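Visitor: So the protein lines, in turn, are chains Y and C. Start counting the first sequence at 0; every next residue gets the next number (numbering that gives the first Met the number 0). Start counting the second sequence at 0; every next residue gets the next number (numbering that gives the first Met the number 0).
These are computed hints drawn from the structure, not numbers from a lab. Since this is a predicted model, take the numbers as computed values, not measurements. Any given hint might turn out to be false.
To be verified - Stretches of chain C that chain Y covers, calculated by requiring three or more beta carbons in the stretch to come under 8 Å of a beta carbon on chain Y:
1. 87 to 94
2. 114 to 120
3. 152 to 160
4. 251 to 263
Said to hold, decoys possible - Derived Cβ-Cβ restraints for the label pairs, each shown as a range:
5. Y:Ala351 <-> C:Asp69: 54 to 60 Å
6. Y:Ala104 <-> C:Ala192: 49 to 55 Å
7. C:Arg64 <-> Y:Arg284: 41 to 47 Å
8. Y:Arg198 <-> C:Leu262: 55 to 61 Å
9. C:Arg131 <-> Y:Ala104: 31 to 37 Å
10. Y:Leu102 <-> C:Arg197: 49 to 55 Å
11. Y:Phe105 <-> C:Gly152: 23 to 29 Å
12. C:Asn253 <-> Y:Arg198: 47 to 53 Å
13. C:Leu74 <-> Y:Ala396: 43 to 49 Å
Even glycine gets a Cβ: it sits at the ideal position worked out from N, Cα and C.
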Amino acid sequence: MPRAVDSMRLPLAAALKDAVFAALIAFGLFFFLIGLRTEQGPTGALQITTRLPALAMLVGAAFAGSFLRALLFGREPIRLGRTLPPALTRIAERAGRYAGLALLAFALLVPVLFYHDRYLLDLGIMVLTYVMLGWGLNIVVGLAGLLDLGYVAFYAVGAYSYALLATTFGLSFWICLPLAGILASFWGVILGFPVLRLRGDYLAIVTLAFGEIIRLILLNWQSFTGGPNGVSSIPRPSFFGLPFVDEAGGFASTFGFAYSPTHRVVFLFYLILALALVTNWVTIRLRRLPIGRAWEALREDEIACRSLGINTTTTKLTAFAMGAMFGGFAGSFFATRQGFISPESFTFGESALVLAIVVLGGMGSQLGVAVAAFAMLGGFELFRELDQYRMLVFGFAMVAIMIWRPRGLIATREPSVYLGERKAVAGTLVQQGRA
Amino acid sequence: MSAAAPILAVERLSMRFGGLVAVDELSFSAQRGQITALIGPNGAGKTTVFNCITGFYKPSAGMIRLAHPDDRIFLLERLLDFRIAKVARVARTFQNIRLFPGMTALENLVVAQHNVLMAASGFTFAGLLGLRTYRTAERAALDQARYWLDRTGLTARADDAAGSLAYGEQRRLEIARAMCTEPVLLCLDEPAAGLNARESGELNDLLQFIRREHKTSILLIEHDMSVVMEISDHIVVLDYGVKIADGPPQVIRNDPKVIAAYLGVEDEEVEKVEAEVGL
Chain Y
0 MPRAVDSMRL PLAAALKDAV FAALIAFGLF FFLIGLRTEQ GPTGALQITT
50 RLPALAMLVG AAFAGSFLRA LLFGREPIRL GRTLPPALTR IAERAGRYAG
100 LALLAFALLV PVLFYHDRYL LDLGIMVLTY VMLGWGLNIV VGLAGLLDLG
150 YVAFYAVGAY SYALLATTFG LSFWICLPLA GILASFWGVI LGFPVLRLRG
200 DYLAIVTLAF GEIIRLILLN WQSFTGGPNG VSSIPRPSFF GLPFVDEAGG
250 FASTFGFAYS PTHRVVFLFY LILALALVTN WVTIRLRRLP IGRAWEALRE
300 DEIACRSLGI NTTTTKLTAF AMGAMFGGFA GSFFATRQGF ISPESFTFGE
350 SALVLAIVVL GGMGSQLGVA VAAFAMLGGF ELFRELDQYR MLVFGFAMVA
400 IMIWRPRGLI ATREPSVYLG ERKAVAGTLV QQGRA
Chain C
0 MSAAAPILAV ERLSMRFGGL VAVDELSFSA QRGQITALIG PNGAGKTTVF
50 NCITGFYKPS AGMIRLAHPD DRIFLLERLL DFRIAKVARV ARTFQNIRLF
100 PGMTALENLV VAQHNVLMAA SGFTFAGLLG LRTYRTAERA ALDQARYWLD
150 RTGLTARADD AAGSLAYGEQ RRLEIARAMC TEPVLLCLDE PAAGLNARES
200 GELNDLLQFI RREHKTSILL IEHDMSVVME ISDHIVVLDY GVKIADGPPQ
250 VIRNDPKVIA AYLGVEDEEV EKVEAEVGL
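Let the sequences and hints guide you as you build the complete structure.
Guide: Rendered as structure tokens:
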């Protein structure tokens with residue numbers, strides 16, 4: 000079949016035609032975005048200036064790129080994944096087995112290695128907060144297959160629960176933490192009820208709205224939440240009753256150390272690490288329990304679940320409640336770390352970031368989510384100097400992931416139980432809860 | 000326990016979708032320990048009847064009575080779909096196979112035992128702590144799963160994703176999964192569809208084994224007459240939502256109304272057949 004071979008590479012004329020089309024589309028897009036620019040003139044009125052060289056460069060780049068692509072690859076989608084040699088994939092798989100332990104060991108050692116680098120410690124705390132949020136959302140999105148775009152609402156509920164309980168009643172962090180979790184999971188159930196019948200896109204829209212509703216309530220209920228001013232002077236965490244202060248009775252003097260403000264940061268680091276590990280442990284346990292298997296079955300086929308006598312209502316609600324609870328824990332940690340919270344910290348962008356971490360990591364994969372959180376937030380910081388080009392780098396990274404690993408970094412699924420040999424399930428077989 | 004006691008009695012069941020009457024005042028019964036087949040041409044309303052029995056549709060009218068061996072009576076039209084599977088113990092398979100494709104064959108069978116395991120895990124709390132009651136229950140569930148994998152010849156594929164199994168294997172796995180719920184009535188929607196002659200022979204053996212050893216009554220929708228005629232004890236024939244015949248296989252085989260419904264009739268015979276059918 001010579002046609003099949005021909006279709007890979009296009010003749011010169013067809014390639015030119017493709018390139019001209021691409022250039023036209025690029026021109027149409029970039030003419031207004033890049034080619035024209037409004038600036039304030041000397042009189043204060045807006046003036047239009049043109050930037051034709053930049054426009055020509057971009058259109059030329061689109062033309063050349065599309066011409067080369069048509070010549071080299073034809074119209075077929077480029078499969079770069081195939082060029083990865085199998086030996087390399089095998090090494091990566093073998094390394095993956097120990098990656099979790101290595102990451103954990105590294106996380107435990109961070110405060111020792113970077114004790115004097117306050118910036119890195121703070122970054123580590125932030126990364127771990129997002130790892131925890133990612134793991135929490137993973138229960139809802141990755142396991143139960145319920146697309147939740149309003150996860151930040153539970154983060155906010157947890158944060159405000161701790162902030163308000165601590166500032167109003169003077170309750171300690173360790174009492175408020177479970178309360179915040181309970182309140183957040185209560186709101187998880189409240190959200191769960193109206194959306195029980197929805198799947199996929201419709202569910203996403205309602206959860207998105209829910210996230211905004213919580214934020215708007217926090218913003219407008221002045222007398223309760225402080226409105227846009229937020230809640231300030233939230234009590235900082237203490238080492239099981241010993242505050243981190245330079246006084247007698249503080250943490251440092253009790254244990255005979257010289258006082259250092261880093262103590263508190265290190266404590267916060269280990270606190271969030273412990274909270275994240277608890278989230279991970281509980282999730283791994285739950286996956287092997289009937290409830291976790293029911294969540295996964297729900298993601299795979301809801302109708303089949305009901306035909307087997309599984310109550311899909313309670314199964315969905317427990318997934319929402321569980322995910323929300325860990326969001327609430329993370330929220331109250333956030334409040335105690337910041338000492339100040341306001342509705343600005345709980346915008347849709349946060350939900351999107353956490354969801355991106357889960358999707359990028361590979362839905363359902365604990366290790367994938369941790370690596371994705373590390374890569375995303377670490378990447379954000381790494382490219383901070385690139386300033387406005389940071390988003391460009393970020394966009395390129397996303398496109399690369401879409402090409403190479405469309406189902407996330409770790410797309411395979413580990414079975415929860417096995418008879419003979421544990422074989423990972425290929426990601427293409429795993430459903431994504433959109434049926 | 001008399002042999003005459005029906006396990007399932009459907010009385011004047013009607014299902015309307017807007018103006019369309021899919022099932023019209025259908026009455027039939029299925030005897031305990033028997034294989035009852037529901038046959039009819041495409042669009043006769045067989046799957047609709049199934050969906051009413053298993054609670055996926057709420058019937059417009061009529062009554063569906065299920066009698067357990069211990070004489071408890073369940074009115075299925077009043078129960079929610081998952082309660083029918085959980086409490087009334089009616090299991091079903093689907094015409095277009097509905098497995099959990101991303102879970103292994105073994106996991107599919109363990110999920111089917113959800114309610115037993117859920118209670119044993121103390122609604123997750125005892126299980127989370129790893130108490131012994133749950134570990135014993137899980138081992139029993141795995142034994143049950145292994146038993147059905149053995150019975151359906153899927154032991155070698157236990158740890159493979161259900162979605163990666165061959166078509167015939169998926170059909171068998173779906174039956175195994177339904178059996179893992181320990182049903183009193185097993186409803187199979189075209190279990191032989193897409194199977195070759197050898198596979199449908201094996202299916203016959205499997206269904207007869209289920210009836211014989213597990214005392215599970217079977218209600219079956221099927222187009223493959225080699226399956227229907229060989230293993231059914233009783234056949235109900237539907238056409239356009241109405242029952243046109245009801246009886247043992249040898250009677251149904253020669254019923255002119257059934258032949259007319261399936262094969263159609265010569266033009267000159269139409270009046271004669273219509274007179275017989277009572278139109």
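Visitor: So, for every hint listed, does it hold in this structure?
Guide: Hint check results:
1. 87 to 94: holds (count 3)
2. 114 to 120: It holds, with 4 qualifying residues against the three required.
3. 152 to 160: holds (count 5)
4. 251 to 263: violated (count 0)
5. Y:Ala351 <-> C:Asp69: 54 to 60 Å: For alanine 351 (chain Y) and aspartate 69 (chain C) the Cβ distance comes to about 55 Å; the hint holds.
6. Y:Ala104 <-> C:Ala192: 49 to 55 Å: holds (54 Å)
7. C:Arg64 <-> Y:Arg284: 41 to 47 Å: holds (42 Å)
8. Y:Arg198 <-> C:Leu262: 55 to 61 Å: violated (43 Å)
9. C:Arg131 <-> Y:Ala104: 31 to 37 Å: holds (33 Å)
10. Y:Leu102 <-> C:Arg197: 49 to 55 Å: holds (51 Å)
11. Y:Phe105 <-> C:Gly152: 23 to 29 Å: Once the Cβ atoms are compared, 47 Å apart, the range 23 to 29 Å for glycine 152 (chain C) and phenylalanine 105 (chain Y) is violated.
12. C:Asn253 <-> Y:Arg198: 47 to 53 Å: holds (49 Å)
13. C:Leu74 <-> Y:Ala396: 43 to 49 Å: Distance hint for leucine 74 (chain C), alanine 396 (chain Y) is violated at roughly 59 Å.
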